[in-house]
Amino acid sequence: AQSVTQPDIHITVSEGASLELRCNYSYGATPYLFWYVQSPGQGLQLLLKYFSGDTLVQGIKGFEAEFKRSQSSFNLRKPSVHWSDAAEYFCAVDTGTASKLTFGTGTRLQVTL
Amino acid sequence: NAGVTQTPKFQVLKTGQSMTLQCAQDMNHEYMSWYRQDPGMGLRLIHYSVGAGITDQGEVPNGYNVSRSTTEDFPLRLLSAAPSQTSVYFCASRSLIGSGNTIYFGEGSWLTVV
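The listed protein sequences correspond, in order, to chains U and D.
FYI, in our numbering the residues of the first sequence are 251 to 363.
FYI, in our numbering the residues of the second sequence are 1498 to 1611.
Everything labelled a hint here was simulated from the structure, so no lab data went into it.
Quick caveat, the model's predicted, so the values are computed rather than measured.
Treat the hints with care, as some may be off.
What the hints assert, rightly or not - Below 20 Å or equal to it, Euclidean Cα-Cα: the simulated SDA-like pairs (lysine to any residue) are:
#1 D:Lys1506 to U:Gly291
#2 U:Lys299 to D:Gly1539
#3 D:Lys1506 to D:Gln1519
#4 U:Lys311 to D:Thr1599
#5 U:Lys299 to D:Ser1592
#6 U:Lys311 to D:Tyr1601
#7 U:Lys299 to D:Asn1598
#8 U:Lys299 to D:Ile1594
#9 D:Lys1511 to D:Tyr1561
#10 D:Lys1506 to U:Ser289
#11 U:Lys318 to U:Gly266
#12 U:Lys299 to D:Leu1593
#13 D:Lys1506 to U:Gln295
#14 D:Lys1506 to U:Gln292
#15 D:Lys1506 to U:Gly293
#16 U:Lys299 to D:Gly1595
#17 D:Lys1506 to D:Val1611
#18 D:Lys1506 to U:Lys318
#19 U:Lys299 to D:Thr1599
#20 U:Lys299 to D:Tyr1601
My request is simple: use the sequences and hints to build the entire structure.
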C-alpha cells in the first residue's frame, strides 16, 4: 500500500524568507502527486499536481514543487513567503485507482513578521 | 459554480444519537468520498463511491454508513454517535474520466459528540 510522509509537523519562517516543505512517498511506481493547502476553518485547496513530464511543476500563489524519482520526494517550495501563506499543507499521493488518494499528516506553517 | 456542498457546517451530538451529513456535487463526477480529519492524522478515507448504487469502504469505515442513490448526492450516516467520531468531515468528488484528476473538497463539517 502506498504511504506519504511529511516529516515536519510544524515549521516557522520569517516573512520574505524561502520555504521548503518536505514530502516523501512510498509506492512501487510513479504516482500522481498533489499538494493541498488548508487555512484555519476552511476546506482544502489544490496548490499544484504532478502527473508526468517536467518534474518541476508550478502552482498557484507562487508555489512550485519538484518530483525526484530517485528520492521518492515531492517537496514544495516558495522563494519568498507571505504572512498569508500561514496554513496547513498536505501532500497527497494518488496511485491512479479511484479509492487511493492517500494524504500525509500535514505540515503547519507559521509565518513571523 | 457550487462545486461540492456539505451540510451542516457545525453540529453537536450526544452520544448515541444519529445524524446524516449531506454532500452534493454539481459537476457530474462519478467518484465521491468522505474523509475525516483529526489532528496529526491527516485525512483518512471513510467510504467512497464510484457511481450511483456502488459504495465501498475506505480506511476507517466503522461506525459510518453511506449510500449513493444519485450521481449528485452521497450522504454519510452516523447511526449511534460516539465521542471518537468527533472530527472534521470532508466530502470530495472527482471525475473518473482520464487519470489523476483533481479531487475537489467541500468546506467541511465540524462534528462534536459529547
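Exercise. Any of the earlier hints contradicted here, and which numbers?
Worked result: 11 and 18
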